[in-house]
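Asks: Given chain A's structure and the hints, the job is docking chain B onto it.
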Amino acid sequence: MEIQVAIIILLIAVIITELALFLLATIVQLFKINAGLSVVLPLVGQIVAKTNPVNPVVDDINVNLVVTRDALENLMLKKGGPDSAGLVESLFPGEGAKFLRRVNRSGKVINVGTVYTRGVGILAGLGRGAPIGAAHSKGSAIRDPQYSTSEVAKLYPAPPDRRDPTQNIPKAPVIGKDPVHSPYEAAVTPGTRTRDAQGQKIETPPPPPAPEPAPTGGGASAPPPSAAGAPADPPPAEPVPAQPPPADPPSTPGRLSAKGSRPWER
Amino acid sequence: MADAALWIMVIILAVVIVVLLQLLKRILMAATSIPPKIDAIAGVAAAGSKDLDAVAVLLTTQGYIKSIRASVLDYGGSLDAALPDY
Chain A
252 MEIQVAIIIL LIAVIITELA LFLLATIVQL FKINAGLSVV LPLVGQIVAK
302 TNPVNPVVDD INVNLVVTRD ALENLMLKKG GPDSAGLVES LFPGEGAKFL
352 RRVNRSGKVI NVGTVYTRGV GILAGLGRGA PIGAAHSKGS AIRDPQYSTS
402 EVAKLYPAPP DRRDPTQNIP KAPVIGKDPV HSPYEAAVTP GTRTRDAQGQ
452 KIETPPPPPA PEPAPTGGGA SAPPPSAAGA PADPPPAEPV PAQPPPADPP
502 STPGRLSAKG SRPWER
Chain B
3 MADAALWIMV IILAVVIVVL LQLLKRILMA ATSIPPKIDA IAGVAAAGSK
53 DLDAVAVLLT TQGYIKSIRA SVLDYGGSLD AALPDY
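If you read the sequences in order, they're chains A and B.
Letter 191 of the first sequence, counting from 1, is numbered 442 in the numbering used here, and no numbers are missing.
Letter 75 of the second sequence, counting from 1, is numbered 77 in the numbering used here, and no numbers are missing.
So that you can see chain A by itself, here it is in the shape it has in the complex (with noise of 0.2 Å):
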């Protein structure tokens, strides 16, 4: 036999070897995997049976949870009206805008924690004899008028300089920028005002008449110093009057001194 068919044998021997070597190891490897398996499966099945009726179960916990939040909601738009999303802005920040997409309503949500302290909110919504509730109800005040403002009194007994810190009195109410209830109109014109104390319209007031110009008299006016051509002093500048100066308010165009006229200027 040649060499090289001894080589050929032997190389055809150790390719046997090897491949039962390998092929036996990897059976083994498969057995331990099947092993395995078979352990993990009825844990799988265990898990899928454990899971199988949670979702009708949340659901239904999920439909009551949602039926509830929708009545407590539609209840406190009947009983808030417009300041509900302000409500609920102020207990969960965030949650206005959310509560007005739900209810379908648009609007700005103001945060009526930042108008009134929640004492003053809670007897706003609660006592309408309140003043600050009165401005909310329609009708008339459930409560005594005269005494309403007596829990206002307990918690605001004394301004805040005088109050005794250890009682943690709340602070005063702080108006917001833009309260939903505001009082108040915005001027039209600085320093005017559109209502009375008493909340009348107060009707436009006419524009004043413009200045007369001085009646021009024989030698009543002065000639200008142009027309003197000299130095000289000027004549004491006493108005003439042309006409009765009006009664109230006096006019001086001529004082030089600042001493007024009105009482506290004396």
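Simulated from the structure, these hints should not be mistaken for lab results.
The structure presented is a predicted model; accordingly, all values stated were derived computationally and were not measured.
Built from N, CA and C at the ideal position, the CB exists for glycine as well.
Certain hints may be false.
Claimed, not checked - PhoX-like mimics (lysine-lysine), calculated; alpha carbons at most 20 Å apart, straight line:
1. A:359 - A:329
2. A:301 - B:52
3. A:329 - A:349
4. A:283 - B:52
5. A:359 - A:330
6. A:349 - A:359
7. A:330 - A:301
8. B:39 - A:329
What the hints assert, rightly or not - Partial selection, computed: residues in chain A whose CB lies under 7 Å from chain B:
9. 269
10. 273
11. 287
12. 308
13. 311
14. 452
Replies: Okay, now just chain B, sitting in the frame of chain A:
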């Protein structure tokens, strides 16, 4: 001529042995890496299955939610009657 062909066959067989050895080695490594992962999965599945035993409490929660819903709706009805509308 016959000798040359035999030598070529020897060389080819040698190359085949090396390639086959590498391939079988990789197959064995892959097969060896699977059982530990299966053991880990078995542990997690057992723990998960044990944790899911508390799912049965959801039935109790469901009952509680129903009773709470009824109470809240009754309370809302009372508030509706007690408080004036806006």
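Asks: Indicate, hint by hint, whether the structure satisfies it.
Replies: Against the structure, the hints come out as follows:
A distance of roughly 18 Å separates the Cα atoms of residue 359 (chain A) and residue 329 (chain A); the hinted pair therefore holds under the 20 Å criterion. As the CA atoms of residue 301 (chain A) and residue 52 (chain B) are separated by approximately 10 Å, the hinted pair is consistent with the 20 Å bound. For a cut-off of 20 Å, the pair hint linking residue 329 (chain A) to residue 349 (chain A) stands: about 17 Å separates their Cα positions. A threshold of 20 Å between alpha carbons decides the hint, and for residue 283 (chain A) with residue 52 (chain B) the separation of about 25 Å lies outside it, so the pair is violated.
Proximity of residue 359 (chain A) to residue 330 (chain A) is assessed by CA-CA distance (about 18 Å); at most 20 Å being required, the pair is judged to hold. Taking the CA atoms of residue 349 (chain A) and residue 359 (chain A), the gap is about 12 Å. The hint holds against a cut of 20 Å. With a CA separation close to 45 Å, the supplied pair residue 330 (chain A) and residue 301 (chain A) exceeds the 20 Å bound. In summary, the hint linking residue 39 (chain B) to residue 329 (chain A) is not supported, as the alpha carbons are separated by about 60 Å, beyond the 20 Å threshold.
Given hint, residue 269 (chain A) at the interface with chain B, holds; its Cβ is 6 Å from that chain's nearest Cβ, closer than 7 Å. A cut of 7 Å between beta carbons decides the hint on residue 273 (chain A): the least distance to chain B is about 4 Å, and the hint holds. With a least beta-carbon distance of about 3 Å to chain B, the hint placing residue 287 (chain A) at the interface is held under the 7 Å criterion. Evaluation of the residue 308 (chain A) hint against chain B yields a held restraint, the C-beta minimum of about 5 Å falling below 7 Å.
For residue 311 (chain A), the interface hint holds, since its Cβ comes within 7 Å of a Cβ in chain B; the closest pair sits about 6 Å apart. The interface hint given for residue 452 (chain A) is violated, since its Cβ lies 27 Å from the closest Cβ of chain B, which is over the 7 Å cut-off.
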